[in-house]
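Protein chains: 2
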Amino acid sequence: MVLVTTSHKGKANVMTMSWHTMMDFEPPLVGCVISGRNYSFAALKATKECVLNIPSMKLAKQAVGVGNCSGNKLDKFKKFNLTPMPASMVVPPLIAECFANLECKVVNTRMVNKYNLFVLKVLKAWIDPGKKNPRTLHHLGRGAFMVAGRTIKLPSKKA
Amino acid sequence: MVLVTTSHKGKANVMTMSWHTMMDFEPPLVGCVISGRNYSFAALKATKECVLNIPSMKLAKQAVGVGNCSGNKLDKFKKFNLTPMPASMVVPPLIAECFANLECKVVNTRMVNKYNLFVLKVLKAWIDPGKKNPRTLHHLGRGAFMVAGRTIKLPSKKA
Chain X
1 MVLVTTSHKG KANVMTMSWH TMMDFEPPLV GCVISGRNYS FAALKATKEC
51 VLNIPSMKLA KQAVGVGNCS GNKLDKFKKF NLTPMPASMV VPPLIAECFA
101 NLECKVVNTR MVNKYNLFVL KVLKAWIDPG KKNPRTLHHL GRGAFMVAGR
151 TIKLPSKKA
Chain V
160 MVLVTTSHKG KANVMTMSWH TMMDFEPPLV GCVISGRNYS FAALKATKEC
210 VLNIPSMKLA KQAVGVGNCS GNKLDKFKKF NLTPMPASMV VPPLIAECFA
260 NLECKVVNTR MVNKYNLFVL KVLKAWIDPG KKNPRTLHHL GRGAFMVAGR
310 TIKLPSKKA
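Residue numbers (my numbering), protein chains in the order written: chain X, 1 to 159; chain V, 160 to 318.
Treat the hints with care, as some may be off.
[What the hints assert, rightly or not] Simulated pairs of lysine-lysine, PhoX-like, Cα-Cα distance not exceeding 25 Å: (1) X/Lys78 / X/Lys58; (2) V/Lys232 / X/Lys78; (3) V/Lys280 / X/Lys58; (4) X/Lys114 / V/Lys280; (5) X/Lys157 / X/Lys45; (6) V/Lys232 / X/Lys157.
If you are wondering where the hints come from, they were derived from the structure by calculation, not from laboratory data.
None of the values given here were measured: they were computed from a predicted structure.
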């Protein structure tokens with residue numbers, strides 16, 4: 001689960017996103033499905049910029065709360081005690097409480113109308129070394145979330 | 160991590176895939192990034208059919224082994240003791256050892272040339288109720304794999 005920040009007409013917003021995948025390493029590309037029912041959809045389509053903020057399990061309740069309401073009616077940063085911080089290459093803010101933040105721009109919109117799929121290029125990546133062993137959250141559907149378990153090493157030849 | 164089976168010119172093959180995302184619920188769509196360097200790429204492009212077989216942690220070594228060699232030169236089912244079983248709606252086989260199998264057809268190839276992204280529609284889904292609490296595997300890169308941890312429930316309003 002990822003928190004996506006956008007900024008449109010001077011107003012920042014944040015939404016949760018469950019459906020995304022890496023698409024390339026160099027340049028780093030991420031494919032993101034963002035429904036047109038989300039208030040952030042129009043902002044991303046118009047400004048072509050966002051930040052992918054990765055919450056750990058400690059932010060689980062806030063992250064799910066963000067996903068249950070619309071930025072159309074309220075300031076979700078205030079409501080959920082999330083701290084916006086300036087990004088360096090895009091207008092949307094980083095969320096200070098997240099352990100990693102990826103500043104992104106939209107590089108392809110050909111699949112937006114049909115599938116709500118945005119192709120993002122990561123321009124800059126931040127990580128908070130003070131947040132040790134962050135456990136990511138993975139939406140299974142219907143209010144169930146898998147918390148990242150242990151990491152194992154296997155001799156993969158692929159990156 | 161998912162094992163993708165294809166069948167081309169009478170020969171079945173299997174590869175591992177790390178990059179994929181749900182794209183829609185109804186019909187169920189899955190976006191899959193499959194590099195042109197994979198032997199399966201040509202099979203999928205030509206036949207437009209595959210099965211997504213989901214291995215649990217018990218299959219971790221086999222799944223990574225599958226990813227470290229090419230079906231161009233050997234029969235990976237035999238080499239890794241994977242049992243092919245007939246699917247009901249597509250030609251590529253199910254893998255019996257996996258706890259879930261999704262029979263798929265390619266419904267969109269517009270992003271294949273540029274991004275290696277295939278949009279799949281799931282035609283039929285199988286689950287093995289005898290395999291209890293399967294722990295999925297998630298490729299973190301460089302030979303590291305996250306094993307699915309515990310599941311938590313939070314009051315998400317979204318499916």
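Worksheet entry | Hint numbers not upheld by this structure, sorted from lowest to highest | 2, 3, 5
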